[in-house]
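Participant: The lines below spell out each chain.
There are 4 protein chains.
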Amino acid sequence: MQEIEVVRIKEDVQLKDPILIVGLPGVGHVGKLVAEHLVEELDAEKILEIYSHHFPPQVLVDENSEIHLVNNEIYVCKTEKYDILALIGDHQSSSTEGHYKLCTLYLDIAREFGVKRIYTLGGFPTGQLTYSDEVLGAVNNIELVEQLKEHGVTFKENEPGGGIVGASGLLLGMSKLKHIDAACLMGLTSGYLVDPKSAQSLLKVICKILEIDIDVGPLEERAKEMEKIVARLKEVEQQQKGIPDMNSVKDDDLRYIG
Amino acid sequence: MQEIEVVRIKEDVQLKDPILIVGLPGVGHVGKLVAEHLVEELDAEKILEIYSHHFPPQVLVDENSEIHLVNNEIYVCKTEKYDILALIGDHQSSSTEGHYKLCTLYLDIAREFGVKRIYTLGGFPTGQLTYSDEVLGAVNNIELVEQLKEHGVTFKENEPGGGIVGASGLLLGMSKLKHIDAACLMGLTSGYLVDPKSAQSLLKVICKILEIDIDVGPLEERAKEMEKIVARLKEVEQQQKGIPDMNSVKDDDLRYIG
Amino acid sequence: MQEIEVVRIKEDVQLKDPILIVGLPGVGHVGKLVAEHLVEELDAEKILEIYSHHFPPQVLVDENSEIHLVNNEIYVCKTEKYDILALIGDHQSSSTEGHYKLCTLYLDIAREFGVKRIYTLGGFPTGQLTYSDEVLGAVNNIELVEQLKEHGVTFKENEPGGGIVGASGLLLGMSKLKHIDAACLMGLTSGYLVDPKSAQSLLKVICKILEIDIDVGPLEERAKEMEKIVARLKEVEQQQKGIPDMNSVKDDDLRYIG
Amino acid sequence: MQEIEVVRIKEDVQLKDPILIVGLPGVGHVGKLVAEHLVEELDAEKILEIYSHHFPPQVLVDENSEIHLVNNEIYVCKTEKYDILALIGDHQSSSTEGHYKLCTLYLDIAREFGVKRIYTLGGFPTGQLTYSDEVLGAVNNIELVEQLKEHGVTFKENEPGGGIVGASGLLLGMSKLKHIDAACLMGLTSGYLVDPKSAQSLLKVICKILEIDIDVGPLEERAKEMEKIVARLKEVEQQQKGIPDMNSVKDDDLRYIG
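Chains A, B, C and D, in that order, give the protein sequences. Residues in the first sequence are numbered from 1 upward in steps of one, following full-length UniProt numbering. Residues in the second sequence are numbered from 1 upward in steps of one, following full-length UniProt numbering. Residues in the third sequence are numbered from 1 upward in steps of one, following full-length UniProt numbering. Residues in the fourth sequence are numbered from 1 upward in steps of one, following full-length UniProt numbering.
It is worth saying that the hints were derived from the structure and are not from the lab. Predicted model only: the values in this text are computed from it and were never measured. Among the hints, a few may not be true.
[Stated by the list, open to error] Calculated cross-link-like contacts (lysine-lysine; reagent style DSBU-like; alpha-carbon spacing at most 35 Å): (1) K176/D <-> K101/C; (2) K156/A <-> K46/C; (3) K149/D <-> K178/C; (4) K116/C <-> K10/D; (5) K78/C <-> K176/A; (6) K116/D <-> K101/B; (7) K149/D <-> K176/C; (8) K234/C <-> K176/A; (9) K156/A <-> K224/C; (10) K101/D <-> K176/C; (11) K116/C <-> K46/D.
So that you can see chain A by itself, here it is in the shape it has in the complex (with noise of 0.2 Å):
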C-alpha cells in the first residue's frame, strides 16, 4: 500500500461543472453531518475510495461485525442544477504533512473534474451551549462574499480568530493558490457535541446555494435527541456554575457517527 492510494471505484465520470463539497470530521462533527446527510438524501454514488498511512491504523466494524479500513471516499450526486462531488470519511490526517498531502490530492481530483467551486463544511466552535442558526463564511475570493451573504451566510471581520485548520481550511488556503474560488460555511456549535442541530442550520443554507431541496427528517430526529443531551449539560452547568462535565453524560449518547 502506497502513501496514498486512490482506488477507482467508477472509471470515465463526466461531469458539467461540478461543485465540490466537503464535510470531513471535525468540531461538532458538523460538516461531517451535512456532508454525510447530501450522499444519502441526494441517492449519490461512491466513485473513489482513499486510503492512507496519515490516517489512523485502525479498522472500524459495522452492524454485522465485518471491517473497513478508515478511509475518505469522493460521491457523486447529479442534482437538477448541478453536479455535486462530496468527499467525506471517518478521519482527517493525524499528521500535519499529511494534511497537505492529502488536500493537494483532493485538489488534484477537483481539478481532473473541472471543478470550479469548493465549499467545505465544518463547525465554528462558540463554548456556548446556547443554540444559534447563524452560519459564518471565510473566502478565498472576496468576490464570494455578497454572493453567499445572499444564502443567509455571514461574516465576521477576522473571524474565526485562530484561522482555519484541517482540510476545511487548507483546501481553502490551496485552491486560492489555484484560482479556484472556494469558500468555508461553518455552523456555530458548542464545540463540545456532535451537533445535529447546528448541522440542520448549515445544510438550509448549503440546499439554498445547491438549489436543492432535501429531507431534513433523519437530521431533525438526531437533533432532538442531542436537544435532550444538552438540556441535561446546562442543567450540570446550572448546578457547578462551570465547565459542563462531559463524564455526567453516558457514553453512548455520544456515539452519533456510524
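Assemble chains B, C and D onto chain A, guided by the hints.
Facilitator: Relative to chain A, chains B, C and D alone:
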C-alpha cells in the same frame, strides 16, 4: 540498515495453503501470549526477522546479559492439518506510518507464501476486573462469521465501538483490499494487566479453529499467578471504590513477558 | 503542492550586498514585531512566498473574511545605505526536520542574492515582568562581537544558557558552516506576553546597525497598551505573590499580532 | 544541508584495530562525562563532525557568545596499546527514525576504520540517591562477559529490565547484526542528576579495559560539588520522605555539562 529490513533465516520454505497467525503486543498482551505459546508448543522454526526504524530504538537484555535488537519474527509450524505462519514480536510500530508500512510488508510476505486466511489475535478491554472466557470476533468478509461462531467466537454489532487499532486491525483492513479472508479474535480482558487467563480462552478457540491439541500448562501457571494479583487489585478496589491503583502492585508482578 | 514551495512574486531582483533580517514568531513575538515594522515603515516590496508541509495546516482570516494559507515571506527594502531582505511569517516550522529544511532554503536564497550578513531577531525570556531595554547578542563569528557592542548590543558568557532554538538559532549555525557572518539579537522580555516595548528597544539597535531612521509610532502605541496589561499583571502578582495568572487578562488584550 | 551531513575535519586517518568508545548524553550524563574526559585527557584530535535534521533545531552559546550548531563529533586518540575512536555530542536524535539512521552511519564509520570492538557508555538509573561504584554490563556476544568481569564489570540477569534505549543500545543491537563485538557499560546512578561520581567509577573500568592511566582530577572536582548537592537533596528527602524536589536546587548547580 534500511527503513525496514528483512533477514531471511531460512530460504526455500515451501508451505501448503498456510494460515497466518498474528500475535503482537497489545491490550493485555493476550494475542502475544497466545501466539508465543503456539510457537513454543508446536516447535516452530524461525524463518524471518524484521527490523525497522519504526520500532523503538531499543535492545532487550536476556538472562545471560546478551542483548537483541527489538524486532518482529515469523515462525513456521507444521501441524497435522495446517501449515501455520506465526508473526510475533517485541513491539508494534511506534509511528502511524510505520504501522501501514510494516503491515504492507507482512501482507506481501503472506501472499508470497500463498496465505489464504489470516487470524490476528488480541485483547478486548472491558475495563472490568471480572473474568470472562468470551472471545469476540470481527471479520473482513461477512462469510467468516458463521464459520467462527461454530468454534465459539461471539460477534456483537459495531463492537469494538472504537474500531480495532494497530496491526490486528490494519491487517484485516488491508487484506480485505487484497481479497484475503481475515478475522480478528479478541479475548476479553480488563485492559489493566497482562492477561494469561484471557489468553487461555483465546488459545482454546484458536486450537479448535486450527484443529490442534496443545498443552496449556505454562499459560495455566501464569494465569494462576495473575489471578492472585487480580484478587489483590480487587481488594484495593473494594477499599477505594475507585480505579485500581497500579502502584500498589509490585513492578515485578507485571514482568510477565519475556 | 511540494514539501516546500517557493512562489516568486517578482523576478530579476538585483540587490547590492544585501543584509538579511529575520523576524519570525517566537518569544514575545519580539523579532516578528520588529521585522514587520521595518517592512511596513520602509515600504518593502514582497518578492517571495514560501509554503510548506512543515507549517501548520491552517489558513488565517483577514478583516474582509478572506483567508490566506499560512506562509513565510521575503520582502526587499532599499535604504540609503543597505539593500535589506526581510524574512517574516505566520509560523515557524512545526517539525524539527522542517526547521532544518526551511533554514536550508532560506540560506540558499540568501546566498542567491549575495547576502554577506544576517541578523536574526528574537526575544530573550527573563521570567520577570520588569522592563529592560537591553538587547542581548550571540554571533557565529567572534569578530562581530566588538562591532555589535558599538551599537549597544550586550554579550554575556554562555547566554542564553539553553542555546537558541528555532530559525533564529539554526540560521546562525548553518550560516557558520557556509562562512556567512550572522548574529542573533534578542530583546529582553518576560516570555509571558507579546512585547512591543522590547521590540522598540530591539528596533533602536537594528536601526543603528542599518543606519536608518524610522518612525517607532505604531510600536509605541502597542507598547503603551501592553504596559497597561503588564501593570495589571503586576498587581495580580503582588496580590498572589506567585506566577501571573494569564486567565485574569482578557483574551482580546493579547491579540496583538495581525 | 542534508538529512545527515558528515564534515570530515581530517582526511586519510589511518588507525590500527581501533576501538570505538561512545559517550552521548543520557541517564546522568555518565557516558558523556567519561567520553569527554577521555577526549580531553588523551589530547584527542577531532576528525569528523556530524550534523542532522534529527538533532534539535538549536545552537549552543559558548563563553565568548559564539554559537555552534548542535552536533555529534568523532575524535581519535592514540594510546600506547590502542587506537581509540571517541563519539561524543550535544544531543542524541530527537526522533526514533533518526536514532536508527544515525547509528547506521556510526556503524558504517566504525567499519570504514576497521573497528572490531565497541564500548557504549551510559548510566543505569537506580532511583536511589545512595552511591554505588558498580558498573553494569550488557553485551551483544556472550563471549565478552567473562573478559569484562575480569575488569570489574558486573552482569545481572535481564538487567536493565526495560532494555537499553537510544544510541547505547541501538549500536549494540545493530553491530550484532554485522558481527562486531560490542558491550554497553553503565555506571549506576540515581537518574535524577548529572553524576560525575558515577562517571569516575565507569572511567576506572574503561581505563582498565583500554590499559590506560589517566588523571581523574577534573571529574573528581565535579564529583565533589555534586556530592554537596546530593547531600542537600537527601536532607530535603529526609524532611519530605518523598521524591526529591528538583526545584529546591538552584539551576546553576545542574549546569555541569559544557
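Participant: Mind listing which of the numbered hints don't hold for this structure, in increasing order?
Facilitator: 3, 7, 8
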